[in-house]
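Construct the entire structure; sequences and hints are all you get.
As given, the protein sequences belong to chains A and B, one line each in that order. Just so we're aligned, residue 1 is where the first sequence starts under my numbering, counting upward by one. Just so we're aligned, residue 1001 is where the second sequence starts under my numbering, counting upward by one.
Calculated directly from the structure, the hints in this document are not laboratory data. For each residue, glycine too, the CB sits at the ideal point set by N, CA and C. Relax, there's no trap hidden among the hints.
If you want a taste of the chain A side facing chain B, the calculated C-beta under 7 Å gives, among others: (1) Ala14; (2) Val15; (3) Lys16; (4) Lys32; (5) Gln184; (6) Arg186; (7) Tyr187; (8) Ser189; (9) Leu190; (10) Pro191.
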Amino acid sequence: MKILVAVKRVVDYAVKIRVKPDKTGVDTQNVKMSMNPFCEIALEEALRIKEAGFAKEVVAVSIGPSQCVDTLRTGLAMGADRGIHVETNTSFLPLTIAKILKSLAEVENPGLIFLGKQAIDDDCNQTGQMVAALLGWPQATFASKVVLDKDKHIATVDREVDGGLETLCVDLPAVITTDLRLNQPRYASLPNIMKAKSKPIKKMTVQDLKVDVKSDIEILEVTEPPKRKSGVMVSSVDELIEKLRNEAHVV
Amino acid sequence: MHRFLVKLSSSNQFRSFKNHRLLLPLLPSSKPFTSSSSVSSSPPRQSNRSGYPYSVELFRKISPLSSNSRTLGVNGRSISSEAGRESIEYDVLIVGAGPAGLSAAIRLKQLSQEKNVDLSVCVVEKGAEVGGHIISGNVFEPVALDELLPHWRQEHTPIEIPASSDKFWFLTKDRAISLPSPFDNKGNYVISLSQLVRWLGGKAEELGTEIYPGFSASEVLYDASDKLVGIATKDMGISKDGSKKENFQPGVDIKGRVTLFAEGCRGSLSERIIKKYKLREEVNAQHQTYALGIKEVWEIHESKHNPGEVVHTLGWPLEPKTYGGSFLYHMNDRQVALGLVVALNYHNPFLNPYEEFQKLKHHPAIKRILEGGTVLQYGARTLNEGGFQSIPYPVFPGGAIIGCSAGFLNVPKIKGTHTAMKSGMLAAEAAFGVLHEGINMNTYWDNLKDSWVWKELYAARNYRPAFEYGLLPGMAVSAMEHYVLKGKVPYTLKHGKADHEATNHARKCTPIEYPKPDGVFSFDVPTSLYRSNTNHDHDQPSHLRLRDPKIPEKVNFPEYAAPESRYCPARVYEYVEDEEGKPKLQINAQNCLHCKACDIKDPKQNIEWTVPEGGGGPAYSLM
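Structure below.
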């Protein structure tokens, strides 16, 4: 079985970001970028499944500018067998990414597609679900535990939902998106980083995959959230109710 | 007065001084280094720093590493003994991807290409990215870059803004008095060194250097004859209690036929090597002295921005007895670099360099420029101030030390990048000779002494020590040196006490009250720290080691009022009350900016800065 893992290059989680002065987006120039933490977890799970003998190959795919190759190399250094880089300088929204991944899945025929539950730059939490819908595959999102049954060709997945944990059984091929508690991603060791240099990364374009990338959504403006106002001490319950009614408009 | 002056040379030495000039070209080529003691032992050395160039006798050989004084201790291990660790070998291993390390790598690859020799060069870097741990003023003097990569001016580089003015202000609480500038930055550029180093990293990789960021060199490897053969990277995935986590990854041994250490100021492994091989004693060098630089990059209002403007200040907020000053450099993109440098031999343990920096920003002359702006990044790093007097012998069996780890910063110019780069280039040339032609690594030292680095540092040697007498005498001597003497005096002033010994007991000093931050110009430490993008994996043992865990509560807190809680620009050291209400040191290692101030300034030298897991620390991109 082949596992396809989608990894996204995002602003590193520890970096302080700021909005560009022209409000078209977040300033990513000269900013440290890394693999999305949830994508790392997805890749780690795929690698563990391969090491347990349930899969033959782990393929990492990333969609974005030329620097995505660095992200893919990290993935290869962790243990992925090969990489696919769909090169584009446009920042695509989840539906377009899902369409690209669907095309790729039709080419690669994986038994499982792993994604992070969401990217830490846009927090969309949509791509995995959309890929499953486009492919007509079952989906198990927010996975905190994945157990494969090779003979019955199913995966039993514990999902972290608002009410607690939900256990689903999905037929393979399926789409699984990973949540924080699934695993602790491994460090890429130096020898593996060196070996990863010779692993292949295939370059593709959206035209190769025959995907229509026209988006129905246009980003008008990106602004910082308003600065938090300091609190106000109230002297009586009446004053509190008055403020809640007339200032906060919540009563 | 006289304790600071080396005795004036006797006429005998002047004669030998003259003879040198003739001797040098006739020097026999150095013999290849062998660890056997076939070389004759040298007579005990006397202080000979009064003449230039140095007596040849001093440096014909490295003292043999005889077994009588050395045992293969805990850190020493022979090549074959470690089981379970992978070992990777290179021709040259460079520790640290800064200006010195990358210049060395580039030079090595240039030489390999020129002479059609295949040399494998590996650079390990503890930062997550090349340039991530690089912070500096920086008004860049391109002299070394012109030698290394002469075509840089025709390429697109981060060196874009020529220095357009040199302003020098003496600050009082309310005023800024313009003084004639002791600096001349014509031909220099206002840059972000972090950006320049990233560019250099790209150049080094183009030439075939293997650079591995995210790997911290935590141990030095020696062979059976005590020759340094490489480093071991730190194990990753060890939890706070010392046990292996799920994602444990053992470090690897990286070996080099030659190893160059380019860890920057107070490099953790370099310090161990200097101690082990007694490299300061070798040349009767004084101790190194340091300053702590705290810096912010601001994006200011268009109207206040003047690209290329270079401003230095002296005086307020520092007291006359504390050496230091501030800088304000206008970069491009409406950015300015603003910082305060405080010498670490300050006396008052209540001094808080971070808070002094916050005060500085409220000075009307500075506030005026920052008004309406935002802080983009914050960081801090120590820098060398010892100059010529503190340069250790930088060669040891198996390699050499380059850049600020040895200490080539020109203090009156406050520039160390160009000399660090040149030292890297010279070490690379020597290393190439060692590997390809069988010459001795000593050549690095000899070539250093013949280079403009030496001339420059020698001429600048008396500026900083003169300030031991106070601000005004120091400025007077500075002016004399700058306009008249230019270092052409027969004496070399000595440094005072070591920085950690200079701190007075708290009971003899007045506590300093610092104003609260206003959130617009001045900020609290956590806010600033957030802007450094610093982070470390929380679940790892603290990389800040206490040699004696009882000393903070027994000495630092009662006698010195916990200076580490004041000089650390990252609030790593905090005293909290334990269950019995007694003060207890808490080390927030996760905040660490890797500045090394604690390693330098701790009164009992009880704090040892060691590397955390690779990839941790600040993520500077504009600094």
